[in-house]
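Student: Those sequence lines, one after another, are chains A and B.
If you count by the working numbering, then the first sequence holds residues 68 to 202, one letter each, in order.
If you count by the working numbering, then the second sequence holds residues 293 to 676, one letter each, in order.
Think of the hints as simulated: they come from the structure by calculation, not from any bench.
Here the structure is a predicted model, which means the values were calculated and not measured.
Taking CB as the label site, the calculated pair distances span:
no. : chain 1 : residue 1 : chain 2 : residue 2 : range
1   : A       : Ala196    : B       : Asp473    : 24 to 32 Å
2   : A       : Gly136    : B       : Leu674    : 50 to 58 Å
3   : A       : Arg137    : B       : Ser400    : 27 to 35 Å
4   : A       : Ala109    : B       : Thr443    : 35 to 43 Å
5   : A       : Gly127    : B       : Asp567    : 42 to 50 Å
6   : A       : Arg131    : B       : Pro522    : 40 to 48 Å
7   : B       : Ala545    : A       : Met68     : 55 to 63 Å
8   : A       : Gly127    : B       : Pro341    : 49 to 57 Å
9   : B       : Ala511    : A       : Ala196    : 38 to 46 Å
10  : B       : Glu538    : A       : Ser124    : 34 to 42 Å
11  : B       : Gln569    : A       : Val140    : 51 to 59 Å
12  : A       : Gln105    : B       : Leu623    : 28 to 36 Å
13  : A       : Ala153    : B       : Gln672    : 18 to 26 Å
Examples of chain B residues lying across from chain A (beta carbon under 10 Å, computed):
no. : residue
14  : Gly518
15  : Tyr647
16  : Ala653
17  : Ala654
18  : Ala655
19  : Arg665
20  : Ala668
21  : Arg669
Pairs of lysine to any residue, SDA-like flavour, derived with a Cα cap of 20 Å:
no. : chain 1 : residue 1 : chain 2 : residue 2
22  : A       : Lys70     : A       : Gln121
23  : A       : Lys70     : A       : Gly171
24  : A       : Lys182    : A       : Ser98
25  : A       : Lys182    : B       : Gln672
26  : A       : Lys70     : A       : Ala170
27  : A       : Lys70     : B       : Pro429
28  : B       : Lys346    : B       : Leu300
29  : A       : Lys182    : B       : Arg669
Idealized CB from N, CA, C, for every residue including glycine.
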Amino acid sequence: MAKYLLLKHYRGAPAPVNDVPMDQWTPEEISAHMQFMQDFAARLEASGEFVDGQALSPEGTFVRYDGEGRPPVTDGPFAETKDLIAGWMIVDVDTYERALELAGELSAAPGAGGKPIHEWLEVRPLLTAPPTITE
Amino acid sequence: MSMVDEALLRTLTPAVIGVLGRRGADFAAAEDAVQEALVEALRAWPDDPPRDPKGWLVTVAWRKFLDAARADASRRDREMRVEEEPPPGPGRAVDDTLQLYFLCAHPSLTPASAVALTLRAVGGLTTRQIAQAYLVPEATMAQRISRAKRTVSSVRFDQAGDLATVLRVLYLVFNEGYGGDVDLAAEAIRLTRRLAALTDEPEVAGLLALMLLHHARRASRTGPGGRLVPLAEQDRSRWDTGLIAEGVTILQAALARDRLGEYQAQAAIAALHADAQAACETDWVQIVEWYDELLRLTGSPVVRLNRAVAVGEADGPRAGLAALAEVSPGLPRYAAARAYLLERAGDLEQAAELYAEASRAAASVPERDHLTREAARVRQMLRP
Numbered sequence: 068m069a070k071y072l073l074l075k076h077y078r079g080a081p082a083p084v085n086d087v088p089m090d091q092w093t094p095e096e097i098s099a100h101m102q103f104m105q106d107f108a109a110r111l112e113a114s115g116e117f118v119d120g121q122a123l124s125p126e127g128t129f130v131r132y133d134g135e136g137r138p139p140v141t142d143g144p145f146a147e148t149k150d151l152i153a154g155w156m157i158v159d160v161d162t163y164e165r166a167l168e169l170a171g172e173l174s175a176a177p178g179a180g181g182k183p184i185h186e187w188l189e190v191r192p193l194l195t196a197p198p199t200i201t202e
Numbered sequence: 293m294s295m296v297d298e299a300l301l302r303t304l305t306p307a308v309i310g311v312l313g314r315r316g317a318d319f320a321a322a323e324d325a326v327q328e329a330l331v332e333a334l335r336a337w338p339d340d341p342p343r344d345p346k347g348w349l350v351t352v353a354w355r356k357f358l359d360a361a362r363a364d365a366s367r368r369d370r371e372m373r374v375e376e377e378p379p380p381g382p383g384r385a386v387d388d389t390l391q392l393y394f395l396c397a398h399p400s401l402t403p404a405s406a407v408a409l410t411l412r413a414v415g416g417l418t419t420r421q422i423a424q425a426y427l428v429p430e431a432t433m434a435q436r437i438s439r440a441k442r443t444v445s446s447v448r449f450d451q452a453g454d455l456a457t458v459l460r461v462l463y464l465v466f467n468e469g470y471g472g473d474v475d476l477a478a479e480a481i482r483l484t485r486r487l488a489a490l491t492d493e494p495e496v497a498g499l500l501a502l503m504l505l506h507h508a509r510r511a512s513r514t515g516p517g518g519r520l521v522p523l524a525e526q527d528r529s530r531w532d533t534g535l536i537a538e539g540v541t542i543l544q545a546a547l548a549r550d551r552l553g554e555y556q557a558q559a560a561i562a563a564l565h566a567d568a569q570a571a572c573e574t575d576w577v578q579i580v581e582w583y584d585e586l587l588r589l590t591g592s593p594v595v596r597l598n599r600a601v602a603v604g605e606a607d608g609p610r611a612g613l614a615a616l617a618e619v620s621p622g623l624p625r626y627a628a629a630r631a632y633l634l635e636r637a638g639d640l641e642q643a644a645e646l647y648a649e650a651s652r653a654a655a656s657v658p659e660r661d662h663l664t665r666e667a668a669r670v671r672q673m674l675r676p
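This is chain B alone, in the form it adopts within the complex (with noise of 0.2 Å):
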């Protein structure tokens, strides 16, 4: 017996839905047939693998749709249509896949609906592998792509998107990776590189490379028992090298094109951070600067936050807590960062006290557990 090759699965599913769609099938119902072969497929090619994978897909897919239209019987319209196959239509503008990414990262989708359909869709993901990495029941994420799916019912397949909703679907699939057998990084990744492939947009590539560079760094960002290990802390030999050379020469083939976004400035810092043998060899006043680029791209507070944070290393931690005041104290892990910056500035007992604050604001139990340690570690060092 042998194993399913689950990555075959994923690359052929939006192809096989791309098929069903030129044979006449509306892309809701294309979807279904295809998640049902799917389910078929890693039930069967174990004792039986097939000798043309895709043939095999497009064959059950096909029969599946066939199936789900005639036991609709409000549908025989549909079903005579079908019937008859109409050959390919005129040729279309955009690859089918590229226009799947589009309609799964359709604006008029909330984000959790994208994310899940895009996954589905062009991730190929089983319903259940979904519903496992976001912790959630299965017939909710059932629900909730079939909502996603009804929503983008009259979205016209055959125009171009909008590539800044796609690379957000993207980047929240990236970073807010949870659990379950399925490694949503990785799948990350994979999704973006195939888009990198079908487009000739300096963003993608630059969040290709941002991805590459943060996942570079994976093994050595938790310690035993997962607990968070910050930056600084990380025992750069365990950075992958490899994902590091090609995210670098990504974003510089990006960053050449001299039309920068914010991905590419993200991906600069995380390519500087990357670039230091040692975290005291950072070249922190270079990052300042691709923080007032990233600044001024987005105006977002976040990157305000982060940059004071890096003022604090390029020219000190007074400098950093000058850039701090101009940032909301309203925001998530403001005082998570005053705690940092005063901590180097010598005030212990403030840092200490913000430390304790910040990990009862933490979002999550890493966080918590980190911001606590940091807590109890300054304090140790107040005591005779």
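Looking at chain A on its own, in the form it has when it is part of the complex (with noise of 0.2 Å):
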């Protein structure tokens, strides 16, 4: 088994093919939506490959130090430029190709028209503790 993380962009991500803002979908569109996301999420508890979902604020800021006895620099909130990210679900699956299966699976949330969004998802394999047998 391989953990992976799927990430999902608010920006900074290729455009999805339908491209139209979920505040001007119809409450029903929406309602659809969420239900898929539900519904992926609880299918993978049952397959026993789900492990964490998290959804983000837009809201962010960059810090960094700033050296003995300063307050930290802040850089924020984001100028429209930067990739933000939406949020994530974990997997722990047997293959890349199932983590790919499955994010492609996600793209296709129904969107505006109740047609799916193809919106790009970002598919990144965790580091792992390192294995016991190595030679």
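Could you use the hints to bring the two separately framed chains together as a complex?
Tutor: What follows is the structure, given as structure tokens:
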């Protein structure tokens, strides 16, 4: 088993095919989308592949150390051009192909007009602890 | 095989800690020992339920305590002392359980620590259950609790504490309950009920009434898929009339004592909502009056915001917007409140925009989804 992060972006990813902002969908389309996301997570829990899913607020700030005795430097809220993560799901699956398959299914979540969004999701392997047997 | 009566275990916990305390164990050691006894009870009781659960817990906890004391060579002095099992000291002025409430909510603790310690020592939950409920790893929660115990280790156990911090902790448990297999809202009610039986303070009754009145609406508060259902749209036939009646009775008795506090005032507002058969029958004029009281008691900007929404219902959306003008726009839910009032005032364009803005500032997924849906609903009305 290997863990993969499926990353969803507010901004920074290539534009999805069905690119209508969510507040311009109908309330029913929004509900259908939410339902799809919940069903997807429930299905992964049932198959024993779900690890974690979290949504992030779009508000964020960059912070860095600015030397001894000084308050940290902050930069933000993010400028419009910056990449912004909307949330993630972590899955624990047998193969990389399975992770891709799942990301593909998630990307088909319904959007405006009830049609799949075709949004880009980023799939990243999580680094693991070293195995016991290495030779 | 019978199920373990977890409710009973939780009820007995503070008393067992009290017994160990009277036998000479300090709070931290007694609490650890009782926690170990609880974990063992959860394991052993299904196959072999004890005839005297409290006696069983005291025996096992005391053995755990002695084992720990013996295992720690540096604590030899204390071991000698506890082996003698001194008779209980002079009578305490305050009940042991009440003392535990004070200790676990001691003002020197952060709110998160006080919540965790209260749930464990007063509530009798295991570290694992508390960790699951607050979505943190068990080791993290264990550390939080042991740090909290170190913080209060020098606090004398026989002094009356600050009831206001205890109430705040219980309010937090009720209001910020998450998930896991423990119903934190029900747990908060149980702990507040017990506190109300131990004290004679109208604000304790006020908090209990507030919890009961909100709990009564729980089934109607969420729709399919956990979606948020606003008060005005809730199916009132699903409200728990038994809990409402109990909450109102407790509140009335508290108010009659004429020592108003913020929890009684909040409960009064909840009671007025509970009293309306339909949303349109809500007595908003009286609700605004209670918000005025609440504002006088707390000066809280959040209360000012909620009051503005109530003014909008009582005197019309323009009056509500005027009241909202006195609230800082940086406040959470400001945009949502303004969007709501603007929609009622007929300014759909701005309302839709503000609902979308509010959804981006939402602090929870159900709230975010609800506000996104509101933005979409208003936009739909704008389309020809």
